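J.: Line by line, the protein sequences are chains A and B.
Here this note's numbering is used: the first residue of the first sequence is 1, the next is one more, and so on.
Here this note's numbering is used: the first residue of the second sequence is 197, the next is one more, and so on.
Just so you know, these hints were derived from the structure itself, not from any lab.
These numbers come from a predicted model, not from an experiment.
Cβ coordinates follow ideal geometry from the N, Cα and C atoms, glycine included.
Treat the hints with care, since some could be wrong.
The calculated DSSO-like cross-link candidates involving lysine-lysine, where the alpha carbons are at most 30 Å apart (straight line), are [said to hold, decoys possible]: (1) A/180 - A/32; (2) A/12 - B/208; (3) B/266 - A/34; (4) A/32 - B/346; (5) B/340 - B/208; (6) B/208 - A/30; (7) B/204 - A/190; (8) A/190 - B/266; (9) A/186 - B/204; (10) A/34 - A/113; (11) A/186 - A/113; (12) A/176 - A/94; (13) A/7 - B/342; (14) A/94 - B/340; (15) A/12 - B/342; (16) A/186 - A/94; (17) B/266 - B/208; (18) A/115 - B/209; (19) B/346 - A/190.
DEER-style ranges, computed between Cβ atoms [said to hold, decoys possible]: (20) A/39 - B/199: 46 to 56 Å; (21) B/319 - A/190: 48 to 58 Å; (22) A/51 - B/243: 40 to 50 Å; (23) B/245 - A/26: 23 to 33 Å; (24) A/37 - B/341: 18 to 28 Å; (25) B/319 - A/174: 41 to 51 Å.
Negatives, chain A to chain B, calculated, CB over 10 Å [said to hold, decoys possible]: (26) 24; (27) 33; (28) 59; (29) 63; (30) 105; (31) 128; (32) 188.
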Amino acid sequence: MDTNNLKDLWNKQDAIPQPDLNELLKSALKLKNKNRNQMLLVMAMGVATMLFILTIGYFIEPELITTRIGVALIILAIIFFLVSSGGLLRLLMKDADQSLNAADYLQLLITIKEKQLVLGTRIMNLYFAALGMGLLLYMIEYTLKMPLIGGLIAYGITAAWILFNWVYLRPRILSKQQAKISEVIKNLEKVNNQLS
Amino acid sequence: MVFEEIYKHYWKKVFRICMGYVNDRDWAQDIAQETFITVWQQLPNFRNESAIGTWLFRIAANHCLRQLEKSKKHPKEEFPPQIAEQEEPSTDENVRLLYQYISELEEVDRLIISMELEEIPQAEISKVLGMTESNIRVRIHRIKEKLSQKFNSNGHE
Numbered sequence: 001m002d003t004n005n006l007k008d009l010w011n012k013q014d015a016i017p018q019p020d021l022n023e024l025l026k027s028a029l030k031l032k033n034k035n036r037n038q039m040l041l042v043m044a045m046g047v048a049t050m051l052f053i054l055t056i057g058y059f060i061e062p063e064l065i066t067t068r069i070g071v072a073l074i075i076l077a078i079i080f081f082l083v084s085s086g087g088l089l090r091l092l093m094k095d096a097d098q099s100l101n102a103a104d105y106l107q108l109l110i111t112i113k114e115k116q117l118v119l120g121t122r123i124m125n126l127y128f129a130a131l132g133m134g135l136l137l138y139m140i141e142y143t144l145k146m147p148l149i150g151g152l153i154a155y156g157i158t159a160a161w162i163l164f165n166w167v168y169l170r171p172r173i174l175s176k177q178q179a180k181i182s183e184v185i186k187n188l189e190k191v192n193n194q195l196s
Numbered sequence: 197m198v199f200e201e202i203y204k205h206y207w208k209k210v211f212r213i214c215m216g217y218v219n220d221r222d223w224a225q226d227i228a229q230e231t232f233i234t235v236w237q238q239l240p241n242f243r244n245e246s247a248i249g250t251w252l253f254r255i256a257a258n259h260c261l262r263q264l265e266k267s268k269k270h271p272k273e274e275f276p277p278q279i280a281e282q283e284e285p286s287t288d289e290n291v292r293l294l295y296q297y298i299s300e301l302e303e304v305d306r307l308i309i310s311m312e313l314e315e316i317p318q319a320e321i322s323k324v325l326g327m328t329e330s331n332i333r334v335r336i337h338r339i340k341e342k343l344s345q346k347f348n349s350n351g352h353e
């Protein structure tokens, strides 16, 4: 095969007929609206959470401040979990500029992905820390009303549960979450090396 | 340059470059459409610092590379059915082989040869990819040799 023939063959590939401009723009708008709606949803969730915490603080009327802090921490933990598992992180981060040349673009994309990885880990750690702390604080008020031995057992079981979460569950969830993004980073780096 | 003109002028080129990258007409169409959607969104920010072609091919190349983020299989985007469904035209066996061989190359080589065959000047390819011109020239030479070898080993003269 003569290399000059390659161009002839290449040009024989018919392009799929150009989609109607209006249809294309409609798709573009739909995409834009989808992103905006997701962003609004995230903000609405944040506001709803704040309201929820305030309402609980207003209504449960606990005797100790630790109970209120405990509840707030647990709800915060739920938010951390939603952010880190729902792919919201990607939405909150600025996307790489696509008009950069491929080398710069890939480099930027790798940096963003690495940041995402670090942030994902941090948020997951915060989730477990906030959940554990929240539980322990929340229990203080009610444990004080129990007999000593009952209180010790309640705290013992809770502490064991938190320890199990931190030592066993956390690394497992983290490695599962990170496997995909690490794979993407590896692929991006492989292609980035092809550019040099 | 207004978007309509750009869209009309570059659709075929962008589609074929995407086709060279993924060798799947539906997938290539999706990437091409994503490219033009980005172009439409970013056009107001275009500052004439580079030629419009270079700018547009950068967006196309980056959209192709971005496929690495997705699964190996072609994920179907939510485009209206009118756009999504097109009939498969019958293509020459050699044409099919050429696109297949190209899609078997390394990712960056796919982009280089697709742009070369699309007659984009090497200086522009170097600007799109961020590589030196001499590097592009050497790579094109090697890729063409590789493609010829593949054709020859398949019994084509």
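J.: Hint by hint, note whether the structure agrees.
T.: Right, here's what the structure says about each hint:
1. At most 30 Å may separate the alpha-carbon atoms for a hinted pair to count; residue 180 of chain A and residue 32 of chain A meet this at roughly 26 Å.
2. A hinted pair counts as satisfied when its Cα atoms are at most 30 Å apart, and residue 12 of chain A with residue 208 of chain B qualifies at roughly 12 Å.
3. Under the criterion of a C-alpha separation no larger than 30 Å, the hint pairing residue 266 of chain B with residue 34 of chain A is consistent with the structure, at around 19 Å.
4. Only pairs whose Cα atoms come within 30 Å are accepted, and residue 32 of chain A paired with residue 346 of chain B is rejected, the gap being roughly 43 Å.
5. Of the pairs offered as hints, the one joining residue 340 of chain B and residue 208 of chain B holds, with about 22 Å between alpha carbons and a cut-off of 30 Å not exceeded.
6. Only pairs whose Cα atoms come within 30 Å are accepted, and residue 208 of chain B paired with residue 30 of chain A is accepted, the gap being roughly 24 Å.
7. A threshold of 30 Å between alpha carbons decides the hint, and for residue 204 of chain B with residue 190 of chain A the separation of about 34 Å lies outside it, so the pair is violated.
8. Proximity of residue 190 of chain A to residue 266 of chain B is assessed by CA-CA distance (about 15 Å); at most 30 Å being required, the pair is judged to hold.
9. Between the alpha carbons of residue 186 of chain A and residue 204 of chain B the distance comes to roughly 37 Å, so the proposed pair goes past 30 Å and is violated.
10. Note on residue 34 of chain A and residue 113 of chain A: the hinted pairing holds, with a Cα-Cα distance of about 22 Å set against a maximum of 30 Å.
11. Using a Cα cut-off of 30 Å, the hinted pair residue 186 of chain A and residue 113 of chain A holds, with the two alpha carbons roughly 10 Å apart.
12. For the hint linking residue 176 of chain A to residue 94 of chain A, the alpha-carbon distance of about 24 Å falls within 30 Å, and the restraint holds.
13. Restraint check for residue 7 of chain A and residue 342 of chain B: the C-alpha separation of about 15 Å stays at or below 30 Å, so the hint holds.
14. Pair hint residue 94 of chain A plus residue 340 of chain B does not hold up; C-alpha atoms about 39 Å apart against a cutoff of 30 Å.
15. A threshold of 30 Å between alpha carbons decides the hint, and for residue 12 of chain A with residue 342 of chain B the separation of about 20 Å falls inside it, so the pair holds.
16. Using a Cα cut-off of 30 Å, the hinted pair residue 186 of chain A and residue 94 of chain A holds, with the two alpha carbons roughly 21 Å apart.
17. Only pairs whose Cα atoms come within 30 Å are accepted, and residue 266 of chain B paired with residue 208 of chain B is accepted, the gap being roughly 24 Å.
18. For a cut-off of 30 Å, the pair hint linking residue 115 of chain A to residue 209 of chain B is broken: about 35 Å separates their Cα positions.
19. Taking the CA atoms of residue 346 of chain B and residue 190 of chain A, the gap is near 24 Å; set against the 30 Å cutoff, the hint holds.
20. With their beta carbons about 25 Å apart, residue 39 of chain A and residue 199 of chain B fall outside the hinted range of 46 to 56 Å.
21. At about 27 Å, the CB distance of residue 319 of chain B to residue 190 of chain A disagrees with the hint of 48 to 58 Å.
22. Restraint check, residue 51 of chain A to residue 243 of chain B: a C-beta distance of roughly 44 Å satisfies the suggested window 40 to 50 Å.
23. The hinted range of 23 to 33 Å is satisfied by residue 245 of chain B and residue 26 of chain A, whose Cβ atoms lie roughly 30 Å apart.
24. At about 51 Å, the CB distance of residue 37 of chain A to residue 341 of chain B disagrees with the hint of 18 to 28 Å.
25. Checking the proposed 41 to 51 Å range against residue 319 of chain B and residue 174 of chain A shows it holds: the Cβ atoms sit about 46 Å from each other.
26. A Cβ of chain B approaches the Cβ of residue 24 of chain A within 10 Å, the least distance being about 6 Å, so the stated non-interface status is violated.
27. Every CB of chain B lies more than 10 Å from the CB of residue 33 of chain A, the least distance being 12 Å, so the non-interface label holds.
28. Taking the minimum C-beta to C-beta distance to chain B, about 43 Å, the non-interface status of residue 59 of chain A holds against the 10 Å cut.
29. In this structure residue 63 of chain A is separated from chain B by more than 10 Å, as the shortest Cβ-Cβ distance comes to about 52 Å.
30. Listed as outside the interface, residue 105 of chain A is inconsistent with that label: its C-beta sits roughly 5 Å from the nearest C-beta of chain B, within the 10 Å cut-off.
31. A cut-off of 10 Å between C-beta atoms confirms that residue 128 of chain A is not in contact with chain B; the least separation is 28 Å.
32. Not every CB of chain B is more than 10 Å from the CB of residue 188 of chain A (nearest about 6 Å), against its label as outside the interface.
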